[in-house]
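Trainee: Next come the chains, spelled out residue by residue.
There are 4 protein chains.
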Amino acid sequence: MSKEINPVRNRISNGVKMKPLKIREPEGKLGVLLPGMGAVATTFITGVLAIRQGIGKPIGSITQMQTIRLGKRTEKRTPLIKDFVPLAGLKDIVFSGWDIFKDDCYESAKKAGVLDINLLEKLKPDLKKIKPMKGAFDRSYVRNLDGNYIKSGNRWQLAEQLIEDIRKFKKKNKCQRLVMLWCGSTEAFMERKSVHNSIKNFEEGLKKNSKLIAPSMLYAYAAIKEGIPYANGAPNLSADIPALVELAQKTKTPIMGKDFKTGQTLLKTIIAPGLKARMLGLSGWFSTNILGNRDGEVLDDPLSFKTKEKSKLSVLEYILQPHLYPELYGKIDHQVKINYYQPRGDNKEGWDNLDIFGWLGYPMQIKINFLCRDSILAAPIALDLVLFLDLAKRARLSGIQEWLSFYFKSPQTAEGLEPEHDLFIQLTKLKNTLRWMMGEELITHLR
Amino acid sequence: MSKEINPVRNRISNGVKMKPLKIREPEGKLGVLLPGMGAVATTFITGVLAIRQGIGKPIGSITQMQTIRLGKRTEKRTPLIKDFVPLAGLKDIVFSGWDIFKDDCYESAKKAGVLDINLLEKLKPDLKKIKPMKGAFDRSYVRNLDGNYIKSGNRWQLAEQLIEDIRKFKKKNKCQRLVMLWCGSTEAFMERKSVHNSIKNFEEGLKKNSKLIAPSMLYAYAAIKEGIPYANGAPNLSADIPALVELAQKTKTPIMGKDFKTGQTLLKTIIAPGLKARMLGLSGWFSTNILGNRDGEVLDDPLSFKTKEKSKLSVLEYILQPHLYPELYGKIDHQVKINYYQPRGDNKEGWDNLDIFGWLGYPMQIKINFLCRDSILAAPIALDLVLFLDLAKRARLSGIQEWLSFYFKSPQTAEGLEPEHDLFIQLTKLKNTLRWMMGEELITHLR
Amino acid sequence: MSKEINPVRNRISNGVKMKPLKIREPEGKLGVLLPGMGAVATTFITGVLAIRQGIGKPIGSITQMQTIRLGKRTEKRTPLIKDFVPLAGLKDIVFSGWDIFKDDCYESAKKAGVLDINLLEKLKPDLKKIKPMKGAFDRSYVRNLDGNYIKSGNRWQLAEQLIEDIRKFKKKNKCQRLVMLWCGSTEAFMERKSVHNSIKNFEEGLKKNSKLIAPSMLYAYAAIKEGIPYANGAPNLSADIPALVELAQKTKTPIMGKDFKTGQTLLKTIIAPGLKARMLGLSGWFSTNILGNRDGEVLDDPLSFKTKEKSKLSVLEYILQPHLYPELYGKIDHQVKINYYQPRGDNKEGWDNLDIFGWLGYPMQIKINFLCRDSILAAPIALDLVLFLDLAKRARLSGIQEWLSFYFKSPQTAEGLEPEHDLFIQLTKLKNTLRWMMGEELITHLR
Amino acid sequence: MSKEINPVRNRISNGVKMKPLKIREPEGKLGVLLPGMGAVATTFITGVLAIRQGIGKPIGSITQMQTIRLGKRTEKRTPLIKDFVPLAGLKDIVFSGWDIFKDDCYESAKKAGVLDINLLEKLKPDLKKIKPMKGAFDRSYVRNLDGNYIKSGNRWQLAEQLIEDIRKFKKKNKCQRLVMLWCGSTEAFMERKSVHNSIKNFEEGLKKNSKLIAPSMLYAYAAIKEGIPYANGAPNLSADIPALVELAQKTKTPIMGKDFKTGQTLLKTIIAPGLKARMLGLSGWFSTNILGNRDGEVLDDPLSFKTKEKSKLSVLEYILQPHLYPELYGKIDHQVKINYYQPRGDNKEGWDNLDIFGWLGYPMQIKINFLCRDSILAAPIALDLVLFLDLAKRARLSGIQEWLSFYFKSPQTAEGLEPEHDLFIQLTKLKNTLRWMMGEELITHLR
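Chains as they are written, first to last, in my numbering: chain A, 1 to 447; chain B, 1 to 447; chain C, 1 to 447; chain D, 1 to 447.
Hints are computed from structural coordinates only; laboratory data are not their basis.
Be aware that one or more of the hints could be misleading.
Selected chain D positions facing chain A (in silico; Cβ < 7 Å) [what the hints assert, rightly or not]: (1) S283; (2) F286; (3) I290; (4) P326; (5) G330; (6) D333; (7) W351; (8) D355.
All residues carry an ideal CB built from backbone N, CA and C; glycine is no exception.
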């Protein structure tokens with residue numbers, strides 16, 4: 001967080017009522033820019049339209065539905081979060097985005113097969129109006145997709161075109177503020193190279209059309225350059241490189257990633273802390289998934305899968321702290337598989353087997369079968385991130401927003417720090433950050 | 001907690017290093033008294049013996065294995081809990097108990113079929129020495145058991161005999177301190193009557209041999225009367241009546257219950273907070289269990305099952321706060337079944353089906369199959385409760401110890417308060433209580 | 001089967017091409033009468049209408065989709081069954097029925113929630129036309145339903161009214177032939193009494209309005225009296241009493257029951273023969289179901305459930321032949337539970353746990369989770385039974401049609417014989433019966 | 001089968017009591033030769049020893065435990081198969097084999113971790129005596145194993161050494177007859193080449209030490225050359241090549257393969273016929289396995305896995321006959337995965353998801369979780385094959401024994417014929433073959 005904010009400890013140790021941050025009011029239109037207008041993006045957009053018309057509810061959204069306890073339990077103050085912090089209203093949101101296929105939002109949602117056709121029909125006129133802009137694409141990063149609706153030019157030119165797109169959109173729609181959210185496919189695995197290490201190197205790389213700069217980085221660059229909050233719903237690096245973190249600090253832009261925490265990993269970060277709480281040992285966790293949507297097709301490519309796998313595998317190690325508990329968690333056979341299986345469509349299904357052990361080492365097993373819907377779980381995350389990043393911007397928070405790690409499989413952290421994966425610590429952190437923003441006392445659960 | 005302790009808030013607001021409580025050192029022998037020496041008790045006892053000999057590890061025990069973070073994350077202070085608070089050592093524990101069958105600890109463990117026969121053989125001499133005292137029993141409370149090793153007399157006389165048993169054991173084994181833990185069967189369902197409402201009524205009831213006083217209450221009475229910490233691992237009322245709470249305050253005795261949180265309910269209190277954290281709705285939760293041990297036989301009686309069912313059903317309602325989230329949790333079809341199924345033996349197996357819903361109300365399902373071992377999960381709880389209750393006694397805490405709610409399906413609370421069921425809040429509470437006892441700063445997870 | 005048919009063995013031993021039975025051609029309309037027009041009946045009816053219009057396929061129907069191998073394998077003769085035996089065509093079917101609620105077929109299908117509303121809308125005009133006649137009802141047999149569209153009169157009068165209904169329907173719709181299929185709810189458990197033992201006693205009972213005659217028996221009586229083939233899709237006795245078997249022989253009427261084999265029991269009769277084929281032992285089979293439709297509500301009454309449970313429990317014992325294999329199947333803990341669980345709606349879900357054992361007694365487990373749709377599995381059975389019973393009638397087969405045991409959980413048999421439950425033997429029997437009818441060689445799978 | 005046997009049809013059409021085959025009595029010792037003395041072989045051997053001593057039962061063995069119905073049902077003739085056909089007795093079996101590790105049978109069984117250590121201790125003296133002979137090995141066929149107890153020489157020399165081993169063993173143990181069973185690891189995938197097409201080419205290949213001849217072929221060659229019945233429990237080609245089939249006919253040797261049908265595929269061939277019987281459609285079947293034994297390690301090599309996968313994938317296509325039922329089975333997404341997962345040890349676990357559809361195309365799902373023990377399921381198959389192949393030899397049947405397809409995932413067939421995979425047809429075929437051998441009437445299940 002930026003330095004102008006007083007650290008919380010000081011404010012507590014004053015022993016007086018804490019001062020809230022100064023946060024600008026959310027006036028005017030908020031433009032939401034979505035690179036990748038497939039299943040997740042269209043489910044998000046359609047849902048917001050439906051909720052605005054009163055024909056759907058924002059289930060799964062913390063900003064819209066969750067309450068926050070303030071003060072002592074006996075005070076019984078538990079407002080909705082949206083009534084507690086100054087968030088943009090759903091009615092003020094305007095959508096746009098990019099894609100490598102030309103389908104408008106109605107067509108794309110229909111192909112995604114997530115939402116009921118009757119609902120899409122009701123919202124058809126509004127959905128038809130939301131058309132993607134041409135995408136910036138490089139097939140070597142997503143080998144199983146072959147888009148035909150793409151910009152031309154080298155990377156520098158592509159970035160300039162994206163910035164131009166953004167400005168036009170903002171002006172045309174009279175937006176006061178913007179937020180960008182990567183909802184595109186998982187890009188092929190890559191590691192950080194020197195081109196990613198400083199904004200200087202990065203901009204040189206753009207000009208030299210360096211192959212090491214992935215398309216998602218172009219979008220992130222364009223957003224951050226313009227001071228637009230940026231979040232990344234997929235596991236590819238995108239803004240998680242020193243160059244763009246540096247740029248975010250310069251432009252005072254809040255950013256966060258990576259990889260929306262839905263489905264199987266969500267459950268994993270719920271259950272693993274429970275096992276650790278009870279000091280139950282873990283000898284193996286085998287996770288497999290079947291899914292039949294475009295996401296599954298993309299991940300059928302080993303290069304894209306490697307990116308995803310890395311994101312999915314990391315959570316256990318951090319939560320379980322094998323360095324503190326070598327007898328319990330020092331030797332875990334942790335495997336994650338993703339299988340493209342057509343009959344499942346967008347309904348991703350997970351099967352997990354946990355081999356745990358208790359008192360004197362006796363083994364037990366837990367098996368979990370999750371009949372899940374990826375986009376249904378991702379859409380409210382997209383909404384929350386848009387609203388919280390916009391809040392962060394107005395509260396003058398910039399750089400990596402670790403308090404939003406709650407939403408991500410691979411939470412981005414400051415260089416050298418480990419991410420927090422425990423869902424319950426993440427939520428405490430998120431809520432205590434909101435309390436701190438508004439000058440309320442933090443919660444410790446001590447009676 | 002008793003009034004002599006300064007409330008934590010004052011101590012924090014001083015802005016200075018907090019003062020720890022004064023806690024007596026755990027010197028001398030600690031006697032552990034177990035009414036009910038079946039599967040749970042013998043697994044607990046055998047385990048402690050094995051651990052003392054270095055041929056087993058106390059997996060699942062917070063006191064023995066868990067660390068606690070102190071101070072700021074950067075301080076890297078994470079001692080083991082047993083090195084942080086002054087707990088009795090395992091080597092100082094002496095066991096005894098009561099049962100309605102005459103089997104010694106070796107025979108009983110063998111019949112229970114939980115532990116490997118090779119382990120029992122290694123510890124046979126020590127196990128043979130631990131013989132139960134005759135039980136206080138009334139078959140109308142456990143209709144599916146027919147014990148033949150029981151005391152005679154009316155309830156008042158039975159209570160006196162139990163007190164006599166306790167004193168003899170203490171003297172003979174030169175114990176400095178004692179703890180009692182109910183490990184007996186689930187008694188038939190009952191509601192509080194006037195005989196339970198004050199210690200005066202209760203003692204009159206004893207003398208009149210009132211049928212409304214269950215055997216487990218006799219043990220609880222004997223313990224609390226003697227100032228011995230008492231905990232209840234089963235769901236029957238036992239010490240959870242105003243009369244015995246009143247007595248506990250008078251005799252400055254820490255007490256806690258009810259119903260060890262193992263297996264299916266443990267998972268439920270892990271997963272339900274996760275669903276709520278993410279604002280995922282719940283329309284139904286169907287839980288069924290198959291088990292084939294004595295516990296299963298007892299619960300095959302509808303009266304005993306009703307006691308258990310009540311304990312198991314209550315957790316969701318509190319965790320999910322339907323009054324705050326009527327759209328998400330206002331209408332849940334929550335069912336819990338227990339089936340006596342012989343092939344499973346002591347290995348209780350749970351099958352859960354959760355019907356959840358997300359964005360715009362779209363349904364998803366989670367199915368969990370838990371191949372669990374009840375006694376293996378219960379034994380470390382027994383150990384922790386013995387050690388923590390003994391700590392509480394030495395720290396001069398008395399009455400209901402809500403900070404131990406972490407271990408119970410139906411945490412006992414002060415009259416009129418609702419219990420906390422969320423495993424993660426329970427753990428935070430437990431650890432912050434330990435920090436507070438020792439004068440360390442509380443943790444808020446705000447960076 | 002009736003005596004006029006030459007036994008098959010004679011015909012084989014002639015060593016010549018066998019003679020087919022004489023079967024009347026299926027000319028004219030076939031009326032289908034359905035007592036109980038709920039989920040199963042409306043799914044059946046709607047499906048037939050959809051198939052006739054080419055907007056649906058008769059998946060699950062043996063008569064419509066299955067082939068039958070004739071002669072030697074090398075002959076490659078495998079016609080569809082419907083092209084092999086002279087069955088009525090779907091276009092010639094006319095529907096009617098009775099119910100205790102007044103809803104027409106469209107309304108009832110909508111409430112049942114089985115089929116997609118878009119399909120129902122397409123067929124709405126035709127479905128609206130199919131209205132139930134008033135039902136013959138006695139609430140003591142189905143305590144959880146409270147119908148308001150019912151005939152009055154004593155049992156004799158009710159039977160007469162049903163016969164009158166049948167005649168009117170036949171005349172009005174110019175039907176050449178009729179078939180009746182009980183699709184009503186499961187009636188309360190009862191055992192055979194003397195009133196069920198002969199048609200004389202039965203008709204006296206009707207006149208005396210004997211409480212021992214269940215409503216479903218009135219329908220069966222009316223059908224059989226009129227020479228109309230009758231089958232029973234529920235587990236209650238209905239036509240499975242000596243009185244009605246006697247009547248069926250007199251009126252040369254084919255009959256068959258009881259309880260459509262769908263869902264969990266279907267799987268059981270698939271898997272149990274497999275275990276036996278491999279001589280794998282079985283120590284327990286625990287089956288539980290959750291379902292939320294009207295069927296679930298009815299079975300929530302212990303009296304109705306007892307009828308169902310008996311039907312579901314019997315299958316294992318016969319298939320596994322514990323008298324031949326006492327070491328493998330002599331001691332099975334077999335349990336079946338049905339739970340009314342609202343979130344599941346019409347989608348019954350089964351969870352099965354099998355405890356099996358192999359070489360030297362080593363245990364293994366199989367767990368099966370069936371996300372099933374009862375009515376979808378029942379509808380093609382209804383269609384097949386209608387067509388095969390009509391075929392039987394035209395082939396002059398009468399009495400109990402054991403070759404149709406393939407479709408039933410509790411196949412009706414001649415007095416004193418045990419039913420065949422093994423799905424694969426049942427299918428062999430069904431197909432060899434068809435081959436025999438048509439004078440084709442039987443199949444033995446010997447190369 | 002060889003031509004000297006009268007075809008069954010003639011014998012039936014005679015209309016008289018059929019004549020049984022002439023079968024030599026099973027006199028003297030039967031030597032069992034096992035290439036590969038790992039988990040399966042040692043479980044088989046230990047079991048036979050235990051059964052002989054009366055401390056174990058041959059659960060899972062058709063020859064030892066199954067009955068066979070003879071004549072009409074009313075005759076009530078159902079002898080045990082072992083009392084019906086003249087099989088060798090267990091007391092007459094003598095074991096030996098080869099391996100690439102030097103462990104004797106006791107050590108190897110202990111490492112395999114399948115059987116209880118207490119059982120192994122009881123049989124230790126006998127097990128210690130059974131020591132493997134040095135194996136013929138080529139690591140390019142099993143890349144994940146690195147044996148150190150191997151013969152040297154080119155392929156021709158290796159084959160000669162194996163024949164020498166066999167003769168010595170036979171003489172030393174005074175065996176009257178021998179049977180060989182491949183219990184070794186799955187070899188790398190290969191396709192038939194010209195060297196496999198005739199015994200002439202094959203023997204030339206041996207001499208030229210052709211890399212295309214796998215080690216398992218050397219064993220098969222040695223056995224068949226000596227007229228010793230040979231079966232293959234793994235999926236690699238081994239004797240399933242024209243060269244060795246030709247040799248088997250010349251030496252009048254019965255042979256059969258490939259790949260013992262245990263676990264997941266066993267269940268598949270039970271359930272798939274059930275779905276087809278009911279004409280339920282199938283859109284996908286996803287199978288995954290976790291296992292942690294040597295078998296798992298071997299299959300972790302993609303080359304070995306490919307051999308296994310081919311064997312596992314083929315069963316559905318044949319059973320479901322997509323050419324006859326294109327609407328039901330024309331487009332199945334069938335996937336099989338095997339994962340090496342250490343915590344599972346020898347207890348292979350399968351998880352299957354079936355996507356089926358019924359009436360009007362409505363989808364349903366079946367999920368199966370099989371906690372299985374591979375070697376426990378394989379051992380009785382090994383026993384049955386030994387006894388039945390010995391029977392076949394004495395009955396002068398030679399070449400491929402298709403009536404034993406019941407035991408195999410990829411039943412070997414005569415060139416150009418398709419294998420039968422349906423477990424129930426396979427069992428009918430097996431039993432009718434036994435009836436035919438003994439001159440009993442075949443069963444058709446027509447009443």
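Trainee: Would the hint on D355 of chain D be counted as holding, given a Cβ-Cβ threshold of 7 Å to chain A?
Mentor: With a closest approach of 4 Å, the D355 of chain D hint holds.
Trainee: Can F286 of chain D be said to touch chain A, with a Cβ gap under 7 Å?
Mentor: With a minimum Cβ separation of about 5 Å from chain A (threshold 7 Å), the hint on F286 of chain D holds.
Trainee: Given S283 of chain D as an interface hint, is the shortest Cβ-Cβ distance to chain A below 7 Å?
Mentor: Given a least distance of 4 Å, the restraint on S283 of chain D holds.
Trainee: Hold the hint about W351 of chain D up to the distance rule: shortest CB distance to chain A must be less than 7 Å.
Mentor: For W351 of chain D, the interface hint holds, since the closest Cβ of chain A sits about 5 Å away, which is under 7 Å.
Trainee: Can the hint on I290 of chain D be confirmed by a CB-to-CB distance to chain A that is less than 7 Å?
Mentor: holds (5 Å)
Trainee: With a cut-off of 7 Å on the beta carbons, see whether P326 of chain D makes it to chain A.
Mentor: Result: violated, 17 Å to nearest chain A Cβ.
Trainee: Take the shortest C-beta to C-beta distance between D333 of chain D and chain A; is it under 7 Å?
Mentor: holds (5 Å)
Trainee: Answer holds if the nearest beta-carbon of chain A is closer than 7 Å to that of G330 of chain D; otherwise answer violated.
Mentor: violated (14 Å)
The structure fails to meet hints 4, 5 from the earlier list, while all remaining hints are met.
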